[in-house]
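S.K.: If you read the sequences in order, they're chains A and B.
Heads up: the first sequence begins at 9 in this note's numbering, then just goes up one per residue.
Heads up: the second sequence begins at 4 in this note's numbering, then just goes up one per residue.
Derived by calculation from the structure, the hints in this document are not laboratory data.
C-beta: ideal position from N, C-alpha, C; glycine also.
Please note: incorrect hints may appear among the correct ones.
Chain A side only, calculated, beta carbon under 10 Å to chain B, not exhaustive [what the hints assert, rightly or not]:
hint, residue
1, D119
2, C145
3, G147
4, N179
5, P180
6, L182
7, F185
8, L188
9, P193
10, P194
Computed list of lysine to any residue pairs in SDA-like fashion (alpha-carbon distance at most 25 Å, straight line) [as the list claims (entries may be wrong)]:
hint, chain 1, residue 1, chain 2, residue 2
11, B, K271, B, T242
12, A, K169, B, I115
13, A, K196, B, T242
14, A, K196, B, L146
15, A, K186, B, P168
16, A, K186, B, Y172
17, A, K186, A, S176
18, A, K169, B, R123
19, A, K186, B, N137
20, A, K149, A, D119
21, A, K149, B, P164
22, B, K170, A, K169
23, B, K309, B, N184
24, A, K196, B, P164
25, A, K149, B, G99
26, B, K309, B, T198
Computed beta-carbon distance windows for the label pairs [as the list claims (entries may be wrong)]:
hint, chain 1, residue 1, chain 2, residue 2, range
27, B, Q70, A, R151, 50 to 60 Å
28, B, E78, A, R151, 32 to 42 Å
29, A, S128, B, A237, 30 to 40 Å
30, B, E166, A, L95, 31 to 41 Å
31, B, G270, A, V108, 43 to 53 Å
32, B, P164, A, D94, 34 to 44 Å
33, A, R151, B, G270, 25 to 35 Å
34, B, D154, A, L113, 41 to 51 Å
35, B, E101, A, G107, 22 to 32 Å
36, A, F185, B, V305, 31 to 41 Å
37, A, L113, B, E101, 53 to 63 Å
38, B, D163, A, T162, 42 to 52 Å
39, A, W111, B, P164, 32 to 42 Å
40, A, H181, B, E156, 55 to 65 Å
Next come the chains, spelled out residue by residue.
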Amino acid sequence: MNGHIGSLKIALLVMALALLGACLMPGTGPVQAQAPQESQSEESGVAVSGQEFPVPLVPLPKTITPCRACHGPEKDFPVQFKRHEDLLVHKNIRLAHGGVRVWCLDCHHPDNRNFLLPLSDGKPIDFEHSYLLCGKCHGTKYRDWRNGIHGKRTGSWNGEKQYFLCVSCHNPHLPKFKPLEPMPPPAKPWTPKETQAKH
Amino acid sequence: MSDSNKTTQETATIRRDKKDRATEAPACGKDSIQPDRRSFLAGAAAFLGLISVSSCSWQEFVQNHFQRMTKTEIEETVERLRAEYKGKYGKDFVVGTEAPIDGTLFGYALDIQRCIGCRRCVYACVDENNQTRNPQMQYIRVLRFKDGNMDLEESSIYYDPEEVPEKGYYYMPVQCQHCANAPCTKVCPVRATWTEPDGIVVVDYNWCIGCRYCMAACPYMGRWFNFADPVIPADQVNTQTHYLGNRPRMRNVVEKCTFCIQRVRVGKYPMCVEVCPVGARKFGNLLDPDSEISRIISTKRVFRLKEELNTQPKFYYFFA
Chain A
9 MNGHIGSLKI ALLVMALALL GACLMPGTGP VQAQAPQESQ SEESGVAVSG
59 QEFPVPLVPL PKTITPCRAC HGPEKDFPVQ FKRHEDLLVH KNIRLAHGGV
109 RVWCLDCHHP DNRNFLLPLS DGKPIDFEHS YLLCGKCHGT KYRDWRNGIH
159 GKRTGSWNGE KQYFLCVSCH NPHLPKFKPL EPMPPPAKPW TPKETQAKH
Chain B
4 MSDSNKTTQE TATIRRDKKD RATEAPACGK DSIQPDRRSF LAGAAAFLGL
54 ISVSSCSWQE FVQNHFQRMT KTEIEETVER LRAEYKGKYG KDFVVGTEAP
104 IDGTLFGYAL DIQRCIGCRR CVYACVDENN QTRNPQMQYI RVLRFKDGNM
154 DLEESSIYYD PEEVPEKGYY YMPVQCQHCA NAPCTKVCPV RATWTEPDGI
204 VVVDYNWCIG CRYCMAACPY MGRWFNFADP VIPADQVNTQ THYLGNRPRM
254 RNVVEKCTFC IQRVRVGKYP MCVEVCPVGA RKFGNLLDPD SEISRIISTK
304 RVFRLKEELN TQPKFYYFFA
């Protein structure tokens, strides 16, 4: 009896080992079900995770969020004005974004000036994730930006990258890219050596 | 120092040979296969003179092709170069010899709808890659076209307005296109230039004989020749270098853009990508389907310059 059980055990062990071997052999084991890979393209997580891009978080330069200077924790100006005339107090801001179709409260939160309008989830967007709001209108540019086609990236081509927010390059009130002064043209081949552009 | 030692030693050997011969004079007779003292010295003087005129050390003179060098030979060469650069610029250089990263094929894309022609890339490249400042050399040419025109011969590189972009013009920077079927590497009579496994076309400056066949073969004017001794101010020289890339060059050799091989082989973006203020320049691995460059090629309208020549550039222009 005892011997029977012993041999049974050995037989079971041998079978188990054989099965294990078969599984480990490449190509013979059962095909592993591929985990459905969520490609980081169009559909996946727009508002779900606000933290999917390595954008600069804090501190943002004051030029991007000057609202904090008056409506921030230090100085708390009231923000109950919602009419166009009331908002004209911001004389220093020239708005040339989308012509007459866009005005202040199309982006800024009516009650809390340190936030932007919410997405469909109802949570106001903070200035660090302003690209979510820009993407509401500029969908194709937003898609290109997420794929690294629009906008600048620095860092490493196969590793960590630094993204730039939309507002790092485009002033949201005057989004057109500002002209630059070009660097000097190359020296013409017939230029004498002494007068070539110094660099 | 070592040269003169060597000559005296050689002379001594000859002297001994002669003595030996003198003692064995009857056996040798008039057999004069061995050179006599005079012609040997003349030859040695000519050889040493040639080396001294060409202003290179004898180690440099006998240095092997980079691809044929053993590991120790490469180390010795790097040490020699570092000492040479230290003497010339007074700085400690890093002369890297990083090998290609497995599974990479570099590609480049440039958004010509985005480029504003500011030439920031041109000067960032000069600083990064130790190009000679006087005479001037710039790997990147920014061509300016009239809107609607794509005739290269009607483009201009000497535009100099107050501000860019100018109304009615667009800009197209051109540099080495790193062709997959590169004509420049085929014409080199000494194989001093070749395509690396990661797709970068490089030059072994020490093997280049300066014949400039590659420059004649390149349809993009992507190669440059050092007609004079390169001049780089010591405070502007970049000490992070690569043997096949931006190490200081010498007169009479050809050089070119290497996608900043010293940066991309350690994972960084090329300098022109980093500096572009409008983000028109894109760089990445063509073999990675999720890289920026692959996404651009699969989703945007791209073209390659002078595609009809079958050079198969890995440099894509696109409209986003």
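S.K.: Just pull the numbers of the violated hints for me, sorted ascending.
M.R.: 1, 2, 3, 4, 5, 6, 13, 19, 20, 21, 22, 25, 27, 28, 29, 35, 36, 38 and 40
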